[in-house]
Structure formats: C-alpha cells, structure tokens
Amino acid sequence: MQRQIPMFIVFVSGLTMIVDYFFPRVPYIQGAREIFLNWGRIALTFAMILGIMNLLMSNLRKVALRKAGWIYNVILLGSFALTFYFAVQYKMVPSGNTFITHKGTDMGSSGTMSFASKIFLDVYTPLSGTIFSLVAFFIASAAFRAFRAKNIEAILLLSSAIVVMLGSIPFGDSLFAWLGLEHILGHRNFSWLSTQIQQIPMSAAQRAINFGVAFGMVFMSIKILTGIDRSYFGGGGE
Amino acid sequence: MIERLQTLDRRWIFLILFLAVAGSLLFPHTLHVAVEPYVQKAYDTLDLLKPGDKVLMAFDYGPSVAPEIHPAALAMLRHSFERGAKVVMYTLWNEGLPFLDASIQHVAVPMGKRENIDYVNLGFKWGGLQGSSVIEGMGSNLKAVFPVTHEGVPYDQVPILQGVKGYRDFKVLIAVSAGSPGVDEYVRYANARYSIPIVAAVTRVSAPKEFPYVNGKQIYGLCSGLVGSAEYEELIHHPGLGIAGLFALSVANLVVIAFIVFGNLIYFWGRKSKKG
Amino acid sequence: MSHDLGVWVAALLTLAALSFLYKDNLFYRIAENIFVGVSSAWVFATNIHSDLIDDMLLKAFPHAFHQPGPPDLKPLWGGLIGLLILSRLIPGWTSLSRWGIAFVVGFQTGIQLFGAIVGNVLLQLNSTIVPLFVPRNLSATLRNGLGTLGTFTSLSYFYFSREQKGWFGVVTRLGVWFLMISFGAAYGSTVMTRMSILIGRLQFLLSTWLGVIHT
Amino acid sequence: MIKRGVFLFLFLSASPVFAGDEKPPMLAHPYVLVTMLLMIAILYTYLLTAKKGKLPFIRTLPGLKAIDEAIGRATELGKPVLYLSGLGDVDNIQTLAALSILSHVAKKAAEYDTPLIMPSMYSVTMVTAQEVIKEAHLRAGRPDTYNPDNVYYVSDEQFAFVAHTNGVMERMRPAANIYMGAYFGESLILAETGHATGAIQIAGTAETSQLPFFVVACDYCLIGEELYAASAYLSQDAKQMGSIKAQDVVRLIVLGFILVGSILETVNLPHYADFFQKVLGGG
Numbered sequence: 659m660q661r662q663i664p665m666f667i668v669f670v671s672g673l674t675m676i677v678d679y680f681f682p683r684v685p686y687i688q689g690a691r692e693i694f695l696n697w698g699r700i701a702l703t704f705a706m707i708l709g710i711m712n713l714l715m716s717n718l719r720k721v722a723l724r725k726a727g728w729i730y731n732v733i734l735l736g737s738f739a740l741t742f743y744f745a746v747q748y749k750m751v752p753s754g755n756t757f758i759t760h761k762g763t764d765m766g767s768s769g770t771m772s773f774a775s776k777i778f779l780d781v782y783t784p785l786s787g788t789i790f791s792l793v794a795f796f797i798a799s800a801a802f803r804a805f806r807a808k809n810i811e812a813i814l815l816l817s818s819a820i821v822v823m824l825g826s827i828p829f830g831d832s833l834f835a836w837l838g839l840e841h842i843l844g845h846r847n848f849s850w851l852s853t854q855i856q857q858i859p860m861s862a863a864q865r866a867i868n869f870g871v872a873f874g875m876v877f878m879s880i881k882i883l884t885g886i887d888r889s890y891f892g893g894g895g896e
Numbered sequence: 151m152i153e154r155l156q157t158l159d160r161r162w163i164f165l166i167l168f169l170a171v172a173g174s175l176l177f178p179h180t181l182h183v184a185v186e187p188y189v190q191k192a193y194d195t196l197d198l199l200k201p202g203d204k205v206l207m208a209f210d211y212g213p214s215v216a217p218e219i220h221p222a223a224l225a226m227l228r229h230s231f232e233r234g235a236k237v238v239m240y241t242l243w244n245e246g247l248p249f250l251d252a253s254i255q256h257v258a259v260p261m262g263k264r265e266n267i268d269y270v271n272l273g274f275k276w277g278g279l280q281g282s283s284v285i286e287g288m289g290s291n292l293k294a295v296f297p298v299t300h301e302g303v304p305y306d307q308v309p310i311l312q313g314v315k316g317y318r319d320f321k322v323l324i325a326v327s328a329g330s331p332g333v334d335e336y337v338r339y340a341n342a343r344y345s346i347p348i349v350a351a352v353t354r355v356s357a358p359k360e361f362p363y364v365n366g367k368q369i370y371g372l373c374s375g376l377v378g379s380a381e382y383e384e385l386i387h388h389p390g391l392g393i394a395g396l397f398a399l400s401v402a403n404l405v406v407i408a409f410i411v412f413g414n415l416i417y418f419w420g421r422k423s424k425k426g
Numbered sequence: 010m011s012h013d014l015g016v017w018v019a020a021l022l023t024l025a026a027l028s029f030l031y032k033d034n035l036f037y038r039i040a041e042n043i044f045v046g047v048s049s050a051w052v053f054a055t056n057i058h059s060d061l062i063d064d065m066l067l068k069a070f071p072h073a074f075h076q077p078g079p080p081d082l083k084p085l086w087g088g089l090i091g092l093l094i095l096s097r098l099i100p101g102w103t104s105l106s107r108w109g110i111a112f113v114v115g116f117q118t119g120i121q122l123f124g125a126i127v128g129n130v131l132l133q134l135n136s137t138i139v140p141l142f143v144p145r146n147l148s149a150t151l152r153n154g155l156g157t158l159g160t161f162t163s164l165s166y167f168y169f170s171r172e173q174k175g176w177f178g179v180v181t182r183l184g185v186w187f188l189m190i191s192f193g194a195a196y197g198s199t200v201m202t203r204m205s206i207l208i209g210r211l212q213f214l215l216s217t218w219l220g221v222i223h224t
Numbered sequence: 237m238i239k240r241g242v243f244l245f246l247f248l249s250a251s252p253v254f255a256g257d258e259k260p261p262m263l264a265h266p267y268v269l270v271t272m273l274l275m276i277a278i279l280y281t282y283l284l285t286a287k288k289g290k291l292p293f294i295r296t297l298p299g300l301k302a303i304d305e306a307i308g309r310a311t312e313l314g315k316p317v318l319y320l321s322g323l324g325d326v327d328n329i330q331t332l333a334a335l336s337i338l339s340h341v342a343k344k345a346a347e348y349d350t351p352l353i354m355p356s357m358y359s360v361t362m363v364t365a366q367e368v369i370k371e372a373h374l375r376a377g378r379p380d381t382y383n384p385d386n387v388y389y390v391s392d393e394q395f396a397f398v399a400h401t402n403g404v405m406e407r408m409r410p411a412a413n414i415y416m417g418a419y420f421g422e423s424l425i426l427a428e429t430g431h432a433t434g435a436i437q438i439a440g441t442a443e444t445s446q447l448p449f450f451v452v453a454c455d456y457c458l459i460g461e462e463l464y465a466a467s468a469y470l471s472q473d474a475k476q477m478g479s480i481k482a483q484d485v486v487r488l489i490v491l492g493f494i495l496v497g498s499i500l501e502t503v504n505l506p507h508y509a510d511f512f513q514k515v516l517g518g519g
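Chains as they are written, first to last, in the working numbering: chain A, 659 to 896; chain B, 151 to 426; chain C, 10 to 224; chain D, 237 to 519.
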C-alpha cells in the first residue's frame, strides 16, 4: 500500500498530461494541463518550507550548542530574518506596488527604493555576480593545468579551443595576419574557421549528445510513469 | 625550476588575469566588429516586423550574466520599437525583474513609448520546474499565467493585450535567456507546439547548444554573448555596453590562450628533461 | 569614489567574495553566510508572493484583496497537495508526503516525455538528415558529409551493449574525436561569456565604486 | 520497401496538426504518438527478455569503477565524500538519475563507514536524498550510522549554493567529490575548487554546455546519456539493464534513419524530402 498509492498518483497525473496532449477533445481532461501546472507551482512553494525549516533548524541548533563557528550561523540567520521580513511585507497586496521599485540607472540607482530592493541590489546582486565571476579565474587555471597535449584527443580539444578563442575576438584575425592564412584560405581566416568548427563538428557532436539525452529522458519517463523506476521515493530501483 | 613551474601556484594565474582585465578597462580601445550570420539572421527577423505587430519578450536572466546579454536585450527591444512593434514583456526569473525595469527605463521611456499601449510589463512568474509549466501554460492561456500586469492592472483592461490568448497572437518571441527556464524550454514547448518563431539572445556558453535549433529553423536568429550584443548594437547603429566591453574581453581571451600555450611548453620541456 | 552606502556594501561584499581566490578566510565566510541567508529568504519571499498569493489566495478569495471577479477555488487543491508534501514534518506521516511528490513528479514526467520526443528526437532527426552530395557545391557537400559523419559516429559512441573493439572501436574513436573537438570549441566560446561577467564586476568596482573609469 | 513504410507512417499520421483557436482534432500529434508507442513497445520487449534472466551485455564505464575507488580512498584517509545531485529539482530526470546513483554511493559509503555530505539546492531533492541514504544504510546493515544532518538544504539560489559548497570543500576537505545531475554555470567553480583541495572528482551530466568543464577539470566524467546508463549499470537490475538495451535499439533505429534518410535525400526521391520536412517538422 505504502508504494502503490503514490505509484498510482504518478501514473494518473502523467497519463492525464499525455492524454491531454494527444487527445485534446477528451472531456474532463481538456484543460487539465493548465490546472495541474498551477497546482504544481503552488505545491512546490509549500515544499520549499521543508528546506527553509531544515536550514533554520540546523543553524539554530548549531548556535544553541555553540558549535565551532556558530557566529557564522548567527550571521546567516540574521540576514535571513532581515531579508524575509522586508521582502515579504513589501508587497502584501499582490497588485499595486511594484515588488522592486528600481527605476533608474544600471544597478546603482538611488531615489525611492524599498529596503527590500536595496538588499537585492546591494547584497544579492553583487554576491551572485562575484561568485559567478570566479569562473573566469578558474577558466584560466584550468587552461594552464588541464590542456596538455598528451594524446590525440587532448590535442583536438586544445586546438579547437584555441581556434575558437582566437576567432571570437575582434582582432584575432589581424593579429595573425603575418601567418598568411588569407593566402591559403582565400578571404577566410580565424573567425571563419571558428564558425566552421562550431557549426560542423561541434554541432554534430552536440546533436548526438542531445539525441542520447532525449532517449534517456524518454525511457526514464516511461519507467517512472509505469512504476519501474521509483527513485523519487528514495528507494532506488525496488 | 621545471617542477616549480609545473606546480605553479594558481594564485599567480589569478593575479595575472586580474591585472590584465583591470588594466584593459583602465586603458580602453575601441574595436570594430564583423557581424556573424546568426546575429544578422536575428536582426533580419526583427526587421520584418510591421507597425502594430505584437512581440513577446522574455527577460530570463539574472545579475550574474547580465553584462553579457543585457546589452542585447536593450538592442533588440530598441529595434522592435523602431519597427513600431508592440512589446509584451515578462520574466520567469525572479532576478530578471530589475533588468526588465531597467530596459523600460533605458529604452521604452526615452523613445516615448506608452505603458500598456506600446508595451506592457507582465512582471515575474516563477518558472520553477524547468519552466515547462509556465511556458506550456502561456501557450493557450496567457491570462491564466499573468492575471494582472506588474503594475496591477487586470489583464482585460490592458489595451495591448486585447484579443491576445497565447503564443499564436504574437509575431515573434524574443527570448533573452541565461539558462533554465529559458530558450530550450521555449523551443521544446512553445515552438514545438505553437510554432511561434523564436529569436534568442543567450550567453556565449550556451550558444553551441542552440546551434542545432538554429540550423533546424526552430530558432530564427541567435545573438550570443557580449560579442553578439556588440554586433547587434552595430547593426542598429546604437553603440552601448556591448561595444564598450569588447577590448577587455579580447585581452582576457589572449591571456587564457597564453596560459594554454605556456602550460604546454612547460609540459614538453618537463618531458624532455625527464627523458634526457 | 561613491558616497552611496549601498555601493560601499556591494563593493565590500564583492571584494570579500573575491578573496576566496587567495584562500578561504573570515571575510569570505561572512559573505557566504550572508548570501545563503539573503538568497534563501529572497527566493522564498518571491515565491510566496507569486505563487501562494497571486496564484492561490488571490484567485480563491479575490474579495479579500479587493479584486473583482468570482472566486475560483481550484487552486486550493494545489495548496492541499503542498500540505501533503509538508506533512512529513509530522513524525510518522512520511507516506502522505510521497503522495504530493508523486503528483508533481507524475505530471512533470508526462510533459517531459512528449517534450523530449518532439523537440529532441523528431525535430533533431529532421535537421540531421541532409543530402550527402550537393551538385556543383563542394563546400556544402563537405559540410553535410562531415556533419552527418560526426553525428553518426558520436551517436555510436553512446552505444552501450557492445565492446568498443574492432571496426566498431574505430567508429567510436572517431566519435570521441568529434566529441573532443566539440568540447574544446565549447570551452573556447565560454571563455568569452565568463570573462564578461568578471568585466561586469570590475566595471562596477572601477566605475561605480571608485569612479576611476567612466562606462 | 522503404517507400511503403513511409506511406504507412504517413497514413497513420494523417490527421491535421492541432492549431490553437480551431476546434482541436480527435487525435493531435499522431507522429509523436506513434513514436512514443514504438519506444514503449521496444522498452517492454527488452524488459521481458531481461526479466527472463537474460541480462544484456553493457560495456563498463570507466567513471563508475572510479567511484568505488574514490570512496575507498576517502575511507583510508579518514575524510568524507561529497555528493551533489545537481541543480535540478526532483522533476528533472537528471536529478532522478543522480539519486539512483546516490543510492549506490551511499551504500558503499555506509559499508566503509565514511561520512557522505550532501548539500542540496531544493527542498524536495533534499527530502528524497535523505530517504535514499537512509535506505542505503539499512541495506548496508548499518542503520545506526545514518546522520540526517549530513544531507541538508542550502538555498534555492544557484550561487549561494555554490558559495556554500566551496566553503565546505575548503573546510572539510572531502577526499572524493561526486557531481551527478544537471549543472550550469557553476560547474567549473566546483571542479576547480575541488581539484585545489586535492579531491578525486567524478562528474556526470547531460547538460551539453557544461560537459567541457567537467571533462577538462575532473578525473572522470560521464558524458550525457552515460549518466542514465550509469544508474542501470550500478544497480545490475534486470529491468534497468533491459531499458539500456532498449535505448540502444532505438539508437540503432535513429542511426538507420540518418543513414537511409541521407541517402534518400541525396538521390532526391520524390515525396521523401517532403516527408521529413512536413511530417517530422510538424511534430
């Protein structure tokens, strides 16, 4: 029983979507898609509470037990409370006020901003952007250590990377004019070569990966709908 | 010596890159760009718009990738307005709202476009769930997904939305998209089912994934990354942030290439000295 | 130099996050915890507004929000499913929570099923099939031939029920080469993307905060 | 022969494509339905064969062997294992594959008595992962060593999650980092930080745009579909293996389509180009 009911629910809700897609005239099911989608969104927002509870409880516990570094947990809890308070009360009436009244220049505006939008612009945005910008540095370090021409595969990898990089900068072509590539390839040059690499072998390989991914998706979907795969219960295959 | 170089502390690499990028921002040069065919295709598609045509525009990106594709969003919005099109804007990313707002402030307002008549801001709807729910839902019933505009005007009272039911009422969907939910979902659900033409602006990194879609005519034009943005700015003769960042970008690229070459020199040198 | 407190906060947090490149330190740890706290609260609050209030309460009880229109009680079912998922907070009720998860997984899987067939199989297949020989057009012939060869061999690489030996090994090896070229090209084209994010941050530090450059 | 097949297919899918404002037809998207039914039929054929005890052959994936070795090394060093199930929620098939692989990893870790840390970006994923790990401990016969605190929620925001995970890597220094599932812009941040802390790294994703980074920066990488195959391979379960075989059969069909289709395109058979342009394209 424990497993049968959820399996039944999966089957029915999945089948409803499929029937709605293929047989749009079936009564009752018609339009079920939109309703289900709406329910799903609402349900997942409720589910978020599970995570938030987990986050708050584990941090509170660390603070209560004075575990090493508990002061950081206080910082986390404090910034959570502050943000949540301002962000949630800001737009109690859904229509009307704009959630973010940021009207002004790029990312550094003054004027009448709510505290919630100030947090968004001055804390959330720079942190999100900066953590992401770390990738730039890691790209350089990975380029240094991992692009060694050890075998044919590695040589292909690094040469196509270099060609595409040269091809995508505006003066890549003029920089290597002395190589006389124009004489060999006619009017063609690095940017041309880079486009060709991206359009032919890369596009082809990506397409193959996409096919495979789609097969995986289709079969996994069928297995889930028919109850063969039950990993979403946390039970693995059986 | 060789061993030390082979196990070079990566912090030196970080420092060199930092100095190169900061330096090129402090001492900039203006570069001219040649337009890629995919960007040209995007331009040509939007250029076919006629006055009064309706365009759907999604701002599905956040601050982290904004330097790359926000300029393209501005340029495409400007282009659509120049063609006299009416634009319905929204975002499926909660971080996208400030950029949607900024685009209105930077493009629509200076061009004298009127809210709810020439454009409307439908605001944010959580895409979640890979966006498929919202993207699917918008196809047949836009009103159900966005019952009120961002400013709180009920859907039925907005002039631009009169008679608009779903994707089929729009000439084109401009998807400025940095991930999921984004252009992939639009291809899979909006284009596959409602055959709405898509013009996309994406980050350079996700561009290759879209190439098959462009070749397969599921996407009608693609503007990728800061370079794509700069090219689009060049096409509409309105230079902006895209063209401004190009020089630093080129220098950074050269630095990375230099590191690959340097890494290999050390590798071969090390192998040689081991053999010898 | 900026006189805006907000800009200073943003700049200091930017520097704190960048300091991770040197090593893990006090400032990074503070920034990290602030970020986790702020972002989870922010996302939670946005979702409460957009989904719980706009999509459920506003539709079910429009009058409470001074909105016109008849109440639509259907979204409350979504709330009920949500409560089912939440029920695991009560000890011993885990199985009810699975019902809710099963609903979400089920309809989503159904949509993904035909989405994948249409977008990733049929339409892709359609664009893969091209003439291998185009009369009087060498470059198109080469292009189509190479493209088909690439798709064909890379797809063979993912064939699992055969050892990659003999002639099949040759085919898959070729497939790996195509994959490697593709990965290299993708890496190369990504450098641009990621560098522009760094440039965006540095532009902020140098222009908005320090005011030494003008963008 | 092929032509007849094509006409049969056309006949089956003869009803018009569903258009938004018109009255919908009884059967929309017939070609998709046929394709789907065909795939289901193939899947069930091989499931039944596999169930009868005839396990299909599946080639070894080098990355999978490495998982066991990595957990072993972590045990020797007395350090934890870090597992991430990607940045997708449970509705994402990649996440489900990752949870499937997790069940194997968690069992191994429980047997070796090595702590498994798993920060999570979504509530439901966290909850599901907790159940997976709990059950793995049960199967390993060590229910007492299960620590729910090691599987926890961080934030729904991508980079907050990454900032935190980076911190965890630097502070706890896990000996093995396993990244399975859907990843986006953060892939290289995770992989390079993990490399700097000296961990063995094994990744697997079907996100085409992130594969290059994992291939370059990790010790092993499952590419695309290998992620789905991995969960079947690890379980050695007849049904899962059967489905891999079925996938291979579909792949053969597609390969055949590409081959035959290209040749027919080349000789420009009448009706044929139309078939692919209109029928498949109209999905």
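Hints should not be assumed to be uniformly reliable.
What the hints assert, rightly or not - If you want a taste of the chain B side facing chain A, the calculated C-beta under 7 Å gives, among others:
| no. | residue |
| --- | --- |
| 1 | Ser214 |
| 2 | Asn403 |
| 3 | Ile407 |
To be verified - Subject to a maximum C-alpha distance of 27 Å in a straight line, what follows is the list of computed BS3-like cross-link-like pairs (lysine-lysine):
| no. | chain 1 | residue 1 | chain 2 | residue 2 |
| --- | --- | --- | --- | --- |
| 4 | B | Lys422 | A | Lys808 |
| 5 | B | Lys293 | C | Lys32 |
| 6 | D | Lys315 | A | Lys725 |
| 7 | D | Lys290 | A | Lys808 |
| 8 | B | Lys315 | C | Lys83 |
| 9 | C | Lys83 | A | Lys720 |
| 10 | A | Lys808 | B | Lys424 |
| 11 | D | Lys290 | C | Lys174 |
Just so you know, the hints here were simulated from the structure itself, not pulled from any lab data.
Glycine included, C-beta positions come from ideal geometry on N, C-alpha and C.
**Request:** Enumerate the violated hints, using their earlier numbering and listing them in ascending order.
**Result:** Structure breaks hints 5, 7, 9.
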